[in-house]
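Participant: Given the sequences, and given the hints that come with them, work out the whole structure.
Quick note, the sequences are listed as chains A and B, same order.
The first sequence begins at 1 in the numbering used here and counts up one residue at a time.
The second sequence begins at 1001 in the numbering used here and counts up one residue at a time.
Be a bit skeptical, because a hint or two may be false.
Stated by the list, open to error - Label pairs and their computed distance ranges (CB to CB): (1) A/167 <-> B/1398: 45 to 51 Å; (2) A/17 <-> B/1324: 28 to 34 Å; (3) B/1046 <-> A/86: 36 to 42 Å; (4) A/306 <-> B/1398: 31 to 37 Å; (5) A/76 <-> B/1317: 37 to 43 Å; (6) B/1279 <-> A/40: 29 to 35 Å; (7) B/1324 <-> A/32: 49 to 55 Å.
Unchecked claim - These stretches of chain B come out as covered by chain A in the derived footprint (C-beta under 8 Å, 3 or more residues): (8) 1048-1062; (9) 1199-1206; (10) 1246-1252; (11) 1337-1351.
Stated by the list, open to error - Among chain A residues calculated to face chain B with C-beta under 10 Å, some are: (12) 3; (13) 15; (14) 24; (15) 55; (16) 135; (17) 216; (18) 218; (19) 241; (20) 243; (21) 246.
If you're looking for bench data, these hints aren't it; they were derived computationally from the structure.
For glycine and all other residues, C-beta sits at the position ideal for the given N, C-alpha and C.
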Amino acid sequence: MRMTPTVIIVGILALLAAITLTVVYWPYATRDITPSEIFRERSSIENTGRKIYLQNGCVYCHSQSIRSIDWGHGAERIAQSGDYIADEPIALGSQRTGVDLSQEGGEHPDDWHIAHFINPRYTRPSSIMPPFQWLAMERIETLTRYIQGLGLKDADRRMERQIYWKQEAIKAYEAGPEQNAKWLSEIVPEGWRNIPNPYPTTDASLHRGQKIYQNFCIGCHGPIGDGMGPAQPWIYPPPLNFTILKDRGISGGILYYQIMNGITGSAMPYFKRDLESQKIWEVGDYVAVYFINQSDANTEPRGIDAAWEP
Amino acid sequence: MSNEVTESISSDNPTAKAFTLTSAFWFAAATSLGMIGAGYLIAPDFMANIEYIHFGRVRPMHINAVLFGFVTPGLLAAAFYYFPRLLRTELFSQKLGVFSAIFWNITVAAGIIGISIGHTQGREYAELPWIVDIMVVICFALVVFNILMTIRQRKESILFVSIWYTTAAVVLTSITYCLGNVIWKPDTGALLGIPDAIVLWFYGHNIFGLLLTPMGLAVAYYVLPIATRSPLYSHTLSLLGFWSLIIVYTHIGTHHLLQVPVPTWLKTISIVDSVAMVIPVMIVLINLWYTVKGKLGDIHADIGAKFVFTGTIYYFFVNIQGSMMALPHVQRITHFNNWVVGHAHIGVLGFAGVTALGGLYFILPRITGKPLYSKFLADVQYWLVLIGITGFALVLTTVGLIQGNAWYNGETLYRTLPEIQPYYILRASLGTLIMIGAYIGLYNVIRSLYFNRGASI
Ligand code: HEM
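Facilitator: Okay, here's the thing in structure tokens:
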């Protein structure tokens, strides 16, 4: 075959045209624009927030596409093409340096996000997300509106829940420590409230509990458990001061349940994805021993001792 | 080859010089930007509130500087040298060539400053704002015009393989760039919904497949036979390699979207033909490696050829790896994490970048008429880049496996952060080597071009 300029130019253009028609134009022409069941239009403030998101390269660290093999953030909903029909550009992302955000709306209340944007290490001590304090409050709030809309109708349902429980949490907090502690216990299901921590306190378990506390809790509850971590100024009701729980009947079961499930409406996140059962008991016991100064570990009823107990 | 006829063509080639300098400069700039990014991943509060170099901005600045500042101009510098040689004619217009190099720099600078102050379209590899998109297209159009006119006035009737590849690269990229940047929609530069992802990755993938790869191969096809004084192994393989690359590489961009709701038939095509990429790749490598068979001594003796040959080895690895990554079962682990970043660096730096550097060092003595300012420094740069990129490949692949397996087993991303921290530190150290290499290269290029007191060859 003799490669003349004509052969090259005509050949490559013909091939490119054929390929573009097949793998770009055809999928475009047959695209499915049926909205999925969670689809709704974004509000104008959410759209402005989305611009801030794109402008500042959040997309290089955050995907917005859940796969069937995912377990973490947003794994309740596998992405469908109908979720994206209003996205221009689409912001699927190709890296998960941070978590997937496609279902982030309502994961946390607004105050958590604000504190997190000011400095991610305030709410997530070992985060490597850079701080966004420099965006200034107005843009941070706009961005938060976009983030809270991620997941569209599902996000709206989660947000309603957050807003309702936020009011309840504020009411309880403003009624004073006594009332707040009572409310916090009452939102825990009856069965859990009466369970003491079934495992004994040991040096090793406290040591592990401390490590978990430092990696997960310290930014809010603070190094001495008084709720004065660096996130405190942005969070309302503020992170719990554990010392107020003394003599207020806080069982190991309550601590476990609250850490596992989080307190929807308050900034207190759930940790059941991050921490396995043993770790939750141990960080709970660490809080009980060091900050509340009162632990029911290994008291009755504790069932049969586990095989590993010393 | 047209070696014996070269005397008739003036060796003064300001266009090649200008692109050489462009490439060397942006290599240093781009790696510096990359280091800032790597710094953020280790210490996110370091330089915390400096908007203009914040991670989310510095990352696309780095990538655009690498692709459009360092690698493409580097490969073009060599092209502007071998086009006249291979066609036995002067370049159609040196004035136009120099102008296009200057305009190229303005474009890259405008794009990077634009992203830095928040003007981005937010699409990976298509970030540049519309006005800069137009400038990029003009850059390509100027180059296309210059080389097509050079081809037209050629005195050599046979077109060598390098000419095919480079012509195809610049002509097709002018088109895919417009498509991928949805240039007819200036405000967003994007389509709606899933088709946007499809067109984006069609284009993004072709930045590697239809720009860097063919231009890199063109340099290899030019440099290796000359350095080893051997005829090309097979014309048939050259033909097969060329056409199969254009056919296969162009339509597999959807392998970037295997885990996203795009039509299944499109995924199937992209998977099957990503594996079929072995054909164009191995044809070219067999052709090149058989050409230099038994002559590795000659390659070792020429620093330019040494870079280029190393590039072909990385070309082998990146493609074998790529074909594996396109398998859905493999991608369950490798997608979304640093494995892909490793692959990207092996491809863009290990293959295309190293080849571009080889091109620069190969042409420098030939366009200045003097030996390289320092062969020693070039060798130092070779080793710094080689150690850096090999280290990158190992470290990033390791991190990718840690992340991918942890996630697959249900560990949360947050839990993996402390685990991968040490690797980010290693990565930044290796990046430092590459960056130092880039500055050494810049110094060497400037000295060779302008302040070289060595005797003329
Ligand atoms: C046989 C050839 C190749 C195949 C089949 C291939 C395959 C792939 C696949 C499947 C991905 C997506 C990975 C993922 O997101 O999980 C990818 C990404 C990438 N490839 Fe390749 N590759 C090949 C060669 C190359 C070459 C030669 C280069 C560079 C010149 C290159 C540069 C890149 C880059 C930069 C990315 C990252 C894109 C991103 O930012 O997500 N690849 N490749």
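Participant: Hint by hint, which ones does this structure get wrong, listed from lowest number up?
Facilitator: Violated hints: 6, 7, 18, 19, 20, 21; rest satisfied.
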